Amino acid sequence: MTTLLRPRLLGVILIAIAFLVAPMLVSGQPYLLRIVTTAAIYAIAAYGLNIILGLTGQLSLAHGAFFGVGAYIVGLATTDHDWSFWTAFVVAILATTILGYASGLIALRTQGAYFAIFTMALGFLIYIIIIRWETVTHAHSGVSGIKLPESIGPLDFSDPVVLYYLVLLFLAGAAYSTHAILHSNAGRSLVAIRTSEDLAKSIGVNVGVSKQLAYTASAGLAGLAGGLFATLNGFIGADSAAIDLTFQFLLFLLIGGMGTVMGPVVGSVLVAFLFEMLQDLESYRFIVLGPIIVLLVIFAPRGIVGYLNEFLSSHRSRRASPPPGRGPDGRGPDGHSGSGTGQDNALDRPHAASGAAATSEGGL
Amino acid sequence: MTPASSSRMRRSFVLVASGSLVAALAACGGDGGGGSSDGETLVIGYSAGISGGAAEYGLNVQNGLQMAVDELNAEGVEVDGKKYTLKLESLDDQYQPSTTGTNAQRLVQKEGAKIVFVPHAGGIKAAQELNTTRDKFLLGAYSSDPDILASGNELTVMIPPSFVSYIDPFIEQLDTKGTGKLGLLTTSSEFGQEWTKAATASWKKAGGTVLDNNNIDYGSVSDFAGPVSKTLAGKPDVILVGGPSQPTALVIEEARKQGYKGAFMIIDQAKFEELEKFTDPKNLNDSVGIAPLTEFDGTEDFITRYQDKFSSDKPVNADIALNYQALPVFVEAMKSAGSVDDPQAIRDAMPEAVKNVDDKFKVAFAPDQISDNGHLRSDGLKAAYRNDKGKYETFPIDQPKD
Amino acid sequence: MTLFIQQLINGLALGGIYCLAAIGLTLVFGVLGFPNLAHGALFMVGGYVTYTLLVDVGLPYVVAIVCAALILAVIGVVFERLIFHPLRNAPHTHHMIATVGVMFFLISLVQEIWGSGFLRMESPFDGRLTVAGAQISSQRIIIIITAMVVLIALTLFLKRSVHGQAIEAIEQDRTGAALVGINANVVSMMTFAVSFALVAISAGLVAPIQLLSPGMGESLSLIVFAIIILGGLGSLPGAIIGGFFIAMAEVMASTYISVGAGQAAVFIVLMAVLAIKPTGLFGTVVQR
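Residue numbers (our numbering), protein chains in the order written: chain A, 4 to 367; chain B, 3 to 404; chain C, 6 to 293.
Read the hints as simulated data drawn from the structure, not as lab findings. Honestly, I wouldn't trust all of these hints.
Only part of the chain B face toward chain C is listed, based on derived beta-carbon distances under 7 Å [unchecked claim]:
hint, residue
1, 65
2, 206
3, 225
Below are the DMTMM-like pairs computed for lysine to aspartate or glutamate, each with C-alpha atoms no more than 25 Å apart in a straight line [said to hold, decoys possible]:
hint, chain 1, residue 1, chain 2, residue 2
4, B, 199, A, 159
5, B, 138, A, 159
6, B, 384, B, 170
Owing to the predicted nature of the structure, the values given are computational and were not obtained by experimental measurement. Heads up, the beta-carbon is just placed ideally off N, CA and C, and yes, glycines get one too.
My request is simple: use the sequences and hints to build the entire structure.
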């Protein structure tokens with residue numbers, strides 16, 4: 004067991020060290036620190052999506068809008084109403100959590116693709132409110148002059164490095180919570196729902212409550228990330244609540260690995276740097292990026308961390324007993340994922356067949 | 003996947019993959035340090051939407067700047083006795099303000115740019131959160147929204163004339179002179195709505211009534227017929243329209259087809275020369291808007307040069323010309339300041355430099371002064387009324403004192 | 006009153022546009038079970054291909070649309086083989102993400118080929134009709150009629166032809182269909198071909214009243230998703246009723262309340278319907 008844990012632990016430690024020393028590595032070019040900070044903030048939001056999509060298997064497309072609500076609450080409260088950042092930040096997290104809970108009461112009545120589109124509509128509604136309710140949100144003008152967090156003792160957050168470590172603290176918290184959830188009874192309930200709701204019900208999981216909690220938590224994390232995003236940028240526009248943002252989080256999660264502990268952060272940072280390196284291609288950027296996404300989905304559908312986890316797990320199980328003809332991309336021997344009818348929209352179960360095996364048993 | 007039985011291989015695989023983060027950071031951290039330190043290349047930064055949906059505007063501005071860069075290089079740039087080659091470094095932000103912020107920092111820190119041009123209000127505001135604090139850089143702000151100067155940012159230079167200066171002369175030019183009813187049908191962007199607000203106030207002051215605001219997103223509405231019908235139902239005498247030129251042309255055409263006979267007031271984002279290409283020019287009669295570039299003396303040469311250079315047959319509009327003639331002002335200011343890397347000194351040298359720009363870089367209403375809060379201005383600004391015979395009658399626009 | 010009639014007609018025309026765009030999407034959704042997020046981008050590609058055939062090649066309007074539909078059908082088969090066939094057993098979230106990749110790719114590709122600016126496509130049908138004091142252009146009448154015709158033809162195709170029945174069989178029960186010897190590969194390719202051809206037809210008809218630009222499909226595709234969910238997944242009558250219902254709500258709310266209300270109406274209607282009936286108006290299949 005210990006020999007098996009080592010590579011995983013090693014990976015986590017390496018990533019942690021990389022994050023801790025990042026400000027030293029990029030000193031002299033603070034814009035790189037800004038990119039890493041932004042990526043870390045996006046990763047926090049991606050952890051939120053990971054709870055509802057990666058663990059529970061429900062695709063919430065309102066995620067970017069919750070992020071925007073958090074950003075706007077911090078933005079408007081610290082400028083127009085002159086609150087301190089910390090008060091506004093706490094209110095932003097609470098408000099998005101409550102919003103998530105309230106909307107979840109209705110949204111979670113729907114399932115599968117209906118849930119996805121319902122949340123997409125919810126996201127759009129929030130976006131429309133932001134760009135149309137001018138007296139409150141300044142609509143298209145956006146919000147400028149958002150406060151930086153006030154100093155706490157010797158910690159001066161106007162220094163980007165200190166702000167970075169603040170973000171890192173929340174990121175570590177999000178990663179640890181994911182780890183804790185995954186290894187708790189609640190986490191096992193969520194994974195059971197992802198695999199099959201009917202099955203989960205039959206083994207006594209309270210599906211409704213579990214989904215409600217997962218959705219609420221995911222909204223809260225998005226709001227938290229949004230609040231940090233507002234303070235980092237100093238200016239926010241309505242684009243910080245747009246559906247494109249949701250797709251971006253989805254991309255991070257997919258590349259990193261859905262339902263894994265380290266997937267969101269690996270995905271966010273890698274994509275951030277990929278985007279940055281492809282900047283030199285200018286308008287050709289997306290001609291390259293599009294096929295990269297497609298190739299990733301076809302050849303590494305479980306994401307980088309998912310792939311590594313499986314690599315390690317399959318190795319372990321191969322020693323014990325060889326798995327019956329299960330390919331690397333999670334296809335079962337019957338050639339179908341999930342129930343194999345294809346009719347019931349496996350939209351609501353990201354990696355129905357073998358995903359649970361690698362991720363629920365102590366994956367990264 | 004071939005079975006990898008060697009545990010050494012497995013470990014190294016994990017190491018390589020999870021350590022890629024460190025490598026990526028180290029690689030990116032290492033390749034900087036170029037930029038202006040070698041004393042040869044002088045980078046001018048630019049961040050705008052140059053891919054995706056609304057890229058044409060961003061590319062137009064980019065071409066205008068590129069043309070100025072090439073022509074300045076051809077005649078040689080010398081600051082404080084040292085020769086420089088200008089280089090325009092463009093980054094794509096898809097008009098997302100937060101990306102503009104990152105891009106501006108990258109341009110300053112990695113490419114060594116001290117001047118960054120941004121042609122959209124959101125991006126300008128995001129860059130203003132950065133340019134006077136940690137990274138000092140001069141912001142070439144191309145947006146006619148006066149709001150960008152409201153924050154009192156010392157390192158912002160506003161390039162185009164403020165749209166506010168057009169409103170009263172526009173109203174004055176139309177037969178109704180601000181009495182009667184004004185219909186509102188501009189695009190729902192920030193810019194369109196700022197225009198709408200200012201025009202509403204002026205129209206009311208002149209004694210007229212203003213109908214419902216039927217703004218729509220010109221870029222995404224599937225069918226303009228509904229909003230146009232609703233506007234016409236209020237029986238307006240004048241309709242305020244405008245957004246990107248091409249959809250504006252469709253809105254005007256739809257209104258004419260539904261039987262509207264009144265006048266149009268067109269916001270400065272839409273350009274007559276482009277509108278003409280997208281609808282029967284007759285539909286545009288009885289409209290007031292900014293003057294086509296061809297209505298200014300001596301612009302033929304610039305238009306031909308531009309079209310040859312970029313082998314383009316599209317109309318050459320004011321967005322291109324204004325950025326083309328703005329860049330030499332910045333370069334002249336570097337010469338006057340004797341510095342290529344002190345944004346404050348460059349900004350301080352501008353009032354003097356703006357008078358020294360070579361005439362060949364002046365296309366139309368070229369700036370000859372800069373206000374204290376950083377607005378490039380000229381006395382030669384004109385607008386145009388397109389009469390019922392399809393002829394443009396130009397009239398001067400006085401710029402208000404800031 | 007004239008305003009009401011005018012807006013009723015405008016709402017019908019907008020509904021026609023939405024329906025035409027929705028039909029191709031609901032087909033893929035019904036058969037393959039995932040929403041094609043690149044649908045809007047394909048709508049745009051269909052528009053540009055039609056434009057090139059019309060303007061650069063010089064084909065007559067209707068011929069150009071038919072040829073564009075054929076070209077898009079071929080592209081559909083190619084995409085099915087290259088992307089969705091390798092993914093056939095993967096979870097549907099992966100299909101969706103792949104379609105996002107396709108969307109990025111198509112938008113950039115079109116920008117490189119045709120430029121980033123707007124293009125205007127003229128239709129030969131530019132007359133106008135006056136009905137009870139209200140106006141409607143011929144192009145919009147054609148859109149409404151075509152939406153109806155395409156819908157009836159598609160229903161007949163699904164119910165009467167062998168290929169169509171194969172599609173329906175797969176839609177209802179994939180395993181059962183395989184047992185009776187229906188080749189899922191062929192059906193999948195055919196679904197993509199038909200769906201892509203339909204999207205080209207809608208783009209060819211709608212483009213003359215809009216403008217062509219690389220971003221033209223983005224906003225439309227979101228509304229189209231709302232429509233097919235409102236009607237119930239994979240339900241053709243649902244898509245039609247959903248399309249007209251949402252268009253009417255949009256036009257009337259923006260006329261009698263405010264433009265912001267019009268924009269929001271689509272999503273409010275959708276959320277209200279799903280809150281009451283979580284499987285859409287005509288959805289019978291309970292998602293498991």
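How the hints compare with the structure:
Using the Cβ-Cβ criterion of 7 Å, the hint placing residue 65(B) at the interface with chain C is not satisfied: the shortest such distance is roughly 12 Å. Nearest Cβ of chain C to the Cβ of residue 206(B): about 20 Å, over the 7 Å cut. The hint is violated. With its C-beta approaching chain C no nearer than about 5 Å, residue 225(B) sits inside the 7 Å limit, and its interface hint holds. With a C-alpha separation of about 41 Å, the suggested pairing of residue 199(B) with residue 159(A) is violated against the 25 Å cut-off.
Using a Cα cut-off of 25 Å, the hinted pair residue 138(B) and residue 159(A) holds, with the two alpha carbons roughly 21 Å apart. Pair hint residue 384(B) plus residue 170(B) holds up; C-alpha atoms about 13 Å apart against a cutoff of 25 Å.
In the structure shown, a violation is registered for the earlier hints numbered 1, 2, 4, in ascending order.
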